[in-house]
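Sequence lines, in order, name chains A and B. Residue 134 in this note's numbering sits at position 134 of the first sequence, and the numbers go up by one each step. Residue 1142 in this note's numbering sits at position 142 of the second sequence, and the numbers go up by one each step.
Warning: the hint list may mix true and false statements.
[To be verified] 25 angstroms max Cα-Cα, derived SDA-like pairs, lysine to any residue: (1) A:3 with A:67; (2) A:168 with A:178; (3) B:1093 with A:178; (4) A:95 with B:1207.
[As the list claims (entries may be wrong)] From the derived model, a few chain B residues whose C-beta atoms are all more than 10 angstroms from chain A: (5) 1024; (6) 1054; (7) 1096; (8) 1126; (9) 1130; (10) 1138; (11) 1158; (12) 1170; (13) 1172; (14) 1206; (15) 1247; (16) 1253; (17) 1256; (18) 1338; (19) 1346.
[Stated by the list, open to error] Here chain A is said to cover these stretches of chain B; the calculated rule only asks that three of the stretch's residues, wherever they fall, bring their Cβ under 8 angstroms from a Cβ of chain A: (20) 1186–1192; (21) 1267–1275.
It is worth saying that the hints were derived from the structure and are not from the lab. Just so you know, these numbers come straight off a predicted model, no measurement behind them. Heads up, the beta-carbon is just placed ideally off N, CA and C, and yes, glycines get one too.
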Amino acid sequence: MTKLTVISGGLRQPSSTRLLADRITEAVEAELAKFNITASSSTIELRPLGRAIIDAMLIGFANAELESAFETVANADGLIAVTPAFNVSYSGLFKSFFDVLPQETLSDMPVLIAATGGTERHSLVLEHALRPMFSYLHAIVAPTGVYAATNDFGAQDGSVGLTERISKAANDFARLLHACGTRTRRDVFTEDLAEMERLLAAAPRPGEDGTVED
Amino acid sequence: MSGMQFGIFTVGDVTPDPLTGVAPSEAERIRAMVAIAKKAEEVGLDVFATGEHHNPPFVPSSPTTLLGYIAAQTERLILSTSTTLITTNDPVKIAEDFSMLQHLAAGRVDLMLGRGNTGPVYPWFGQDIRAAIPLTVEHYGLLRRLWREKVVDWSGQYRTPLQGFTLAPQPLDGVPPFVWHGSIRTPEVAEIAAYYGDGFFANHIFWPPSHTRRMVRLYRERFEHYGHGSGDQAIVGLGGHVFMRPNSQDAVAEFRPYFDNAPVYGHGPSLEDFAAQTPLTVGSPQQVIDRTLGFRDYAGDYQRQFFLVDHAGLPLKTVLDQLDLLGEQVLPVLRKEFQVGRPKHVPDAPTHESLVRAKTADAKPSGIQPTVQEQQS
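Bound conformation, chain B alone (with noise of 0.2 angstroms):
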């Protein structure tokens, strides 16, 4: 795979179908998540991501649990959260739950770390919302250490002191899988992603582009502040959201009550309004080409594109059709279209190989540096 990463990203909510009002049982959407995982490999994408929640109407609690069981059952797609809770986690739990995942799936593991916006789940956890973001840093700079020194000594404020700990598994091949930073609304996501040269992950949908444009902008600064690269080389990620029909008039008919129903934007403004606001298409496999590589003119070239595909009670029949005209419609066209005029030095999609080469190289002291077309091929 080369360039752009193209993939699905799923809350997990158990939603009913407004057309029936009947909800799935969280057995049925649990089944439901895996065989829309499976279709995203069968169709093409590159990437699964799962959220993780801790309260109904969700399911995805357990995200490697989830994940592992779908690396059992894919070849080549790449799983991933969206997001794992850095908060209310431990980090050490974090740290042990992708390195056996990142052994299970041979590699293809890669998370998104988010702070969760549920005030209660913080204290079922034992912390607390007011402390979101020095937790954040706490939990991210210790997990960091985690996965890249052999033996841990460690304290802080929020979690109990580690004296001569090793994780175990250490990560496949001694490289972390790589991290994103996913981020709503708030500016200091981009800066913890700028300041490691991490990922950063804008979830875009639901909010005007304005928004997203002048975090991406943020992003790219901060990177380029702190020494990781030019600003055009920091490594972005965006949602979509969309809902597509052959013809366009057939897709707003058939997501409308989905839409007018839904949770989080539902009974608000209408579906016209909100898709001419926020990233939302719904419309024909053509608009949804269109609508999204236009996502590059104010974030720039970036490295992975994902798509809400499976929320509001869509049945599942509904979004595994929407992920056939992904994969046989959309896709092929974005992966070319997304090449054309994309400068030589625009990093590709880090994946665990391009990590693992990039660190062999690195380890030599005058081997052979791995050459931006050998990292595009």
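The shape of chain A in the complex, shown without the other chains (with noise of 0.2 angstroms):
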């Protein structure tokens, strides 16, 4: 069993974003399906912690409802990620809940990128924007994202359509997932404790100074 989460970056209902990422996420899960990987999916809408995201930003922790989107995401094997494209990038609730999630949290995740936009011009936003920053949180974010402009939902002419490049996007990151298989959740609590201890081993034992530790 492989677990998915999708993350939707959209604002409004219905959002196109969160048409791309359940097209996107059906498409993986039939490419899985072809090696017989059954897979299982949750989708995470950032609209309704907006303000759970802000706050976190404020005050340096998440309330339950961001926490347990937190855990959703460290416990997947993999990443679906949509955001809309606004000015030239990512949307910045998008960011933001990136911003949040705790650190190494995308450790060794394989990330599949998307996003949507009013015209076909905004399409390098995931080399731009999304590629880096998921690279940057040292996830491995597979080779081929799908942008989808708002035509892209309208007749296709002559251009490779919605579907075929959803498609292959899905079967490059099956593969991937298949690759890396079942992800070790990383523990930086643990992590900390255990250079800590190493670190405490090399200085002076307790009571060896002669002196009594009461």
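With the hints as a guide, bring the two chains together.
Structure (structure tokens):
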């Protein structure tokens, strides 16, 4: 069983970002099925978490609802991350979610990046904004992302259709997930503790200085 | 004093009162801290602790100066810190300053060590925040030796070597001040406190209790692991964050503008959400009592409870009112109720006197060991 977590940064209802996220998820599940891998997916909409994300940024900890979203991301074997393109980048809310996500949550996590926008002109947002951010977060970013402009949801005239592009990206991502296998979650708390234990072991032992430690 | 210690800890921030837009001058804030400390003793609290900061809008850059001045005007109050920066202070200067303070205050001194999380402060003192943890370990190792060995030869990575150094004055009665390690979020602090059998103070406030539960549990486990006693004998302190009026609605109405505009947590969640998610209690003295007694449910029986009462621009008079309510209505109940069901083997909060007694008892090879009953008297 491969656990997929899907992040949708769409703001409206209905949302083309969510629509794209759902289509990619279905395609990835279908591709995984070819490897005899069953997948389960959980989708996180960022809009209802908007306040909690800003609060977490201001006070340093997440409320229960946001914490549960973090857990869903941390426990996934792979992430599908979809944002609307705003002002030549991801949306601020999408970025803010990853700004408050605990460090190393995405470490070694296969990620499929995708974005929606008004026109095809913004398609490089995948390569200029999403890919570097996820690389920085130590994710394994799938080579093929999906960009969908408003036109892609209408008539297709000659260009490679959205469905084909989704299939191509889903196929690449499924192969990546298959190769990576079940993901082991990093435990920074335990890592920090082990490092401190090592440092202290090199320090003077308690009691070695001849005093009693009461 | 027996069982638990109760006190207040201050950040020493200069914050405008949101109702008037006027901030106290640094001089007014410093004098207010002294007045608050004296009031703490007057209302029966046991400890006053000051923060240490090296940048505006904070005033307490020189804690032992402040504490020495307060020591001269008090008789019973224990003077402490929250926290003393073990990273950017020279351990030799920490040893000297607190030894001196111990002598002046006749032993009414302990300290809480912290790393400090303001990046630029490190380079101002010739250090690097990226090395904060190894720096803590090295500096604290040296500090312990300075307080325990007559002549110290030492070399390390972060400070110039010492050859034939003898601390003056030596710790009062040959007993170093008790050391707490203050933690907001990292497990490393619990580990160093447990390793040396020192006290562990969980800041507790501004964070969900689940976080404090995990840290205190870790500290108790590691304390036992390092052979200092059973986990429930480890020395734990907690912060608290309260605003009281006799009627809880009055407390909420009066505190709200201070909450909404406070540094650290202002302009974020509502007062109600924050009070539900963190130890903040805004209400009647009875609500403060109930909430505080509940800390035991996840921290176990513990030794020290601090309250934050003077921040976010609250006027001095309001803070002094808070201390009156704490002393008159909250403290007597907490002292009594925290003793209920407290096992005999759980240690009292350490004091200079208890450390001297323990040292004397240990120095006699076949002498009478102090019993638990004696320690609690």
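So, going through the hints one by one against the coordinates:
1. For the proposed pair residue 3 (chain A) and residue 67 (chain A), the alpha carbon gap of about 18 angstroms is at most 25 angstroms, so the pair holds.
2. Straight-line distance between C-alpha atoms of residue 168 (chain A) and residue 178 (chain A) comes to about 15 angstroms, which keeps the hinted pair within the 25 angstroms bound.
3. The hinted pair formed by residue 1093 (chain B) and residue 178 (chain A) fails the criterion: a straight-line CA distance of about 58 angstroms is larger than 25 angstroms.
4. Using a Cα cut-off of 25 angstroms, the hinted pair residue 95 (chain A) and residue 1207 (chain B) holds, with the two alpha carbons roughly 24 angstroms apart.
5. Interface exclusion of residue 1024 (chain B) from chain A stands, the closest Cβ pair being 25 angstroms apart, more than 10 angstroms.
6. Every CB of chain A lies more than 10 angstroms from the CB of residue 1054 (chain B), the least distance being 22 angstroms, so the non-interface label holds.
7. The Cβ of residue 1096 (chain B) sits about 19 angstroms from the closest Cβ of chain A, beyond the 10 angstroms cut-off, so the non-interface label holds.
8. No Cβ of chain A approaches the Cβ of residue 1126 (chain B) within 10 angstroms, the least distance being about 21 angstroms, so the stated non-interface status holds.
9. No Cβ of chain A approaches the Cβ of residue 1130 (chain B) within 10 angstroms, the least distance being about 13 angstroms, so the stated non-interface status holds.
10. Annotated as non-interface, residue 1138 (chain B) brings its C-beta within 10 angstroms of a C-beta of chain A; the closest such distance is 7 angstroms.
11. With a least beta-carbon separation of about 13 angstroms from chain A, residue 1158 (chain B) lies farther than 10 angstroms from that chain, consistent with its non-interface assignment.
12. Annotated as non-interface, residue 1170 (chain B) keeps its C-beta farther than 10 angstroms from every C-beta of chain A; the closest such distance is 13 angstroms.
13. The non-interface label for residue 1172 (chain B) is consistent with chain A: the shortest C-beta to C-beta separation is roughly 15 angstroms, beyond 10 angstroms.
14. At roughly 7 angstroms, the least C-beta separation between residue 1206 (chain B) and chain A is not larger than 10 angstroms, which violates its mark as non-interface.
15. A cut-off of 10 angstroms between C-beta atoms confirms that residue 1247 (chain B) is not in contact with chain A; the least separation is 28 angstroms.
16. Every beta carbon of chain A lies more than 10 angstroms from that of residue 1253 (chain B), the smallest distance being close to 22 angstroms; the non-interface claim holds.
17. Annotated as non-interface, residue 1256 (chain B) keeps its C-beta farther than 10 angstroms from every C-beta of chain A; the closest such distance is 17 angstroms.
18. For residue 1338 (chain B), the shortest C-beta to C-beta distance to chain A comes to about 23 angstroms, beyond the 10 angstroms cut-off, and the non-interface label holds.
19. Listed as outside the interface, residue 1346 (chain B) is consistent with that label: its C-beta sits roughly 15 angstroms from the nearest C-beta of chain A, beyond the 10 angstroms cut-off.
20. For the segment 1186–1192 of chain B, the stated coverage by chain A is satisfied: 5 residues place a CB nearer than 8 angstroms to a CB of that chain, which reaches the threshold of 3.
21. Only when three residues or more bring their CB closer than 8 angstroms to a CB of chain A does the claim for the segment 1267–1275 of chain B stand; here the count is 5, and the claim holds.
In the structure shown, a violation is registered for the earlier hints numbered 3, 10, 14, in ascending order.
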